[in-house]
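Asks: Each chain, letter by letter, is given below.
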Amino acid sequence: MEQSLFFLSAEMTAMKAFNEKTQSIYQNMQFLDKKLKMKVPKLSLAITTHRLIFTNHTNIDQLNVNDVKFVYFVIPLQHVKSIQSKTGFLSSKIDHINLETNLGEVAIFGDNLEGPLLLIKGSIEKKEWLQKQEQQQTSSVYCGMKSEIMKKEKQTQQTIDTVQSTFKGGFEELFKNATELKEVSQYIKQNIKKGENNEIDEILSKIGQSRLDKSEDLFYEKLAEQVYKLCAELFPKMGGIISLLDVYYYFNKRRNSSLVSPEEILKAGLQFQKLNYQAKVERYDGISVIESTQYNSDKDYENTLGKHISYEIGLTAEQLAKKLGISVMICKIKLKNAINQGKVCVDNRIEGTRYFKNLIINI
Amino acid sequence: MQDAQDKLELHSKLLKYPPFYTLQDHKETRKKQITQWSEIVHLYFQSHKILESSISEILNFPIFQDSSSGIIKKLDSSEIKEILNQMAQLGSIEWKNDQNFTVNLVSPFELADAIYAWAKEKKLIGYTETLRGITEGSQTDESKKFYNLPQEQILKACLILEETGRCQVYEFDGLYSIKFI
Chain A
1 MEQSLFFLSA
11 EMTAMKAFNE
21 KTQSIYQNMQ
31 FLDKKLKMKV
41 PKLSLAITTH
51 RLIFTNHTNI
61 DQLNVNDVKF
71 VYFVIPLQHV
81 KSIQSKTGFL
91 SSKIDHINLE
101 TNLGEVAIFG
111 DNLEGPLLLI
121 KGSIEKKEWL
131 QKQEQQQTSS
141 VYCGMKSEIM
151 KKEKQTQQTI
161 DTVQSTFKGG
171 FEELFKNATE
181 LKEVSQYIKQ
191 NIKKGENNEI
201 DEILSKIGQS
211 RLDKSEDLFY
221 EKLAEQVYKL
231 CAELFPKMGG
241 IISLLDVYYY
251 FNKRRNSSLV
261 SPEEILKAGL
271 QFQKLNYQAK
281 VERYDGISVI
291 ESTQYNSDKD
301 YENTLGKHIS
311 YEIGLTAEQL
321 AKKLGISVMI
331 CKIKLKNAIN
341 QGKVCVDNRI
351 EGTRYFKNLI
361 INI
Chain B
1001 MQDAQDKLEL
1011 HSKLLKYPPF
1021 YTLQDHKETR
1031 KKQITQWSEI
1041 VHLYFQSHKI
1051 LESSISEILN
1061 FPIFQDSSSG
1071 IIKKLDSSEI
1081 KEILNQMAQL
1091 GSIEWKNDQN
1101 FTVNLVSPFE
1111 LADAIYAWAK
1121 EKKLIGYTET
1131 LRGITEGSQT
1141 DESKKFYNLP
1151 QEQILKACLI
1161 LEETGRCQVY
1171 EFDGLYSIKF
1181 I
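In order, the protein sequences belong to chains A and B. Quick note on numbering: the first sequence equals residues 1 to 363 in the numbering used here. Quick note on numbering: the second sequence equals residues 1001 to 1181 in the numbering used here.
Just chain A, same shape as in the assembly:
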């Protein structure tokens, strides 16, 4: 048999390259060399990472080039310039695969060519023949300190490569999962009616998704409900006033993901009165707070500040805040309210500002 142009002495055995792997073997394939105008039927096609091997040998691994009883054609994939699938005249099924190579054109015929086509394309894309085996240096070239340093550098580089590849894989995996989760939540949003399943609403809101319509007002109403619920829990502890900063902190700490911005908390707070919640947003000296509408400053003074200051004993705002377990900012707001009501007097000194019960007004 005249030797095909695809016989290349370097690729004479099935597994020549150090990282070459057989991906699949297909039976009953026909090979057409367009240059020689030669069609060879009933061949097995082995698709590897590096080559296409056509043979009528029953066991490719035992194939030997010198064995003239068997046909043996090899197409190194690195020589393939283009690959095209051709369908039949009257059907959409693939009739044959055309490969244009550096040395000529070949066609592959067979049943069910979709699989081989995908594998060939995949192997051509991956280009694993480009990975060359590392040359091993003889240990006699470098010895002593130099070899130790080289070894350490190599280990460090390997670690870096491993870590980078882990992260790359890790992030890709992560985003893949997030995409799936997003698809699930989108599906629930669209296909299950609102109000049908409140448990789903609860779960979705915990992960920061909302089944509400996209209109802004409804979003802020829902957010206002959640913020008010938190404030109602905190009011007894904080004495009826909570700074917006504290609300932002506690709210997002609970949520853990899809955090809400301070502006959104403020907008939600501004909905309270409209929704008849027992809280409102107030501003004291440029500080925004959420205050309970049931907040009674007289009672609050008696229960908080009034218990710790007297005519003789004066405390700073920091000392009072510590005693009451509230932030200094809120303590100063309460003190200012008490001063405006004439309950507290201020003693301004170099050492600091202290607050006393008002003796002067009771004269």
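Errors might be hidden in some of the hints.
Reference excerpt, derived from the structure (chain B facing chain A, CB under 7 Å, subset only) [stated by the list, open to error]: (1) P1018; (2) P1019; (3) T1022; (4) E1028; (5) K1032; (6) Q1033; (7) S1068; (8) I1071.
Hints are computed from structural coordinates only; laboratory data are not their basis. Using N, Cα and C, we set each Cβ at its ideal position, and we do this for glycine too.
Add chain B to chain A, keeping to what the hints say.
Replies: Relative to chain A, chain B alone:
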């Protein structure tokens, strides 16, 4: 007397109250605070017989200082001026200029009543007396409120008497004489 004693106790209590040395922002508290300061300062002027002074001089008066917390806390000049303005409104002092003032240990009305009462006692009704004779004359003594007071204050008091028809004031060459009616 009891009132005077109570007042002294109150003043003592206030002077030991640290916020008393910081003028308060609360309106009602501030008004009461300045009134109390005016009384305390007036009594201090009386007890030390201070007839005239200035802001810079009284800044260092011990009553305006509190050392209860270790570092001395003083009222500053703007706060003292606010107190003196209140005293001027009540007639306790009179401003000579931006900084200096004279002290009326007794108010002009009080003085006018005291002078007329003395004139009646000494049977001077229908007679003429000089300003000096009223403050330092042989018929007056230390027990009188107007004893040794500046002549400007006596003149003011006499002008009040003239307004109320109890005397006539004559002036000749810068010298004044009073005829009690």
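Asks: With reference to the structure, classify each hint as holding or not holding.
Replies: Hints and how they fare:
1. P1018: holds (4 Å)
2. P1019: Result: holds, 4 Å to nearest chain A Cβ.
3. T1022: holds (5 Å)
4. E1028: holds (6 Å)
5. K1032: holds (5 Å)
6. Q1033: holds (5 Å)
7. S1068: violated (10 Å)
8. I1071: Check passed: Cβ of I1071(B) comes within 6 Å of chain A, closer than 7 Å.
In summary, the one numbered hint that this structure violates is 7.
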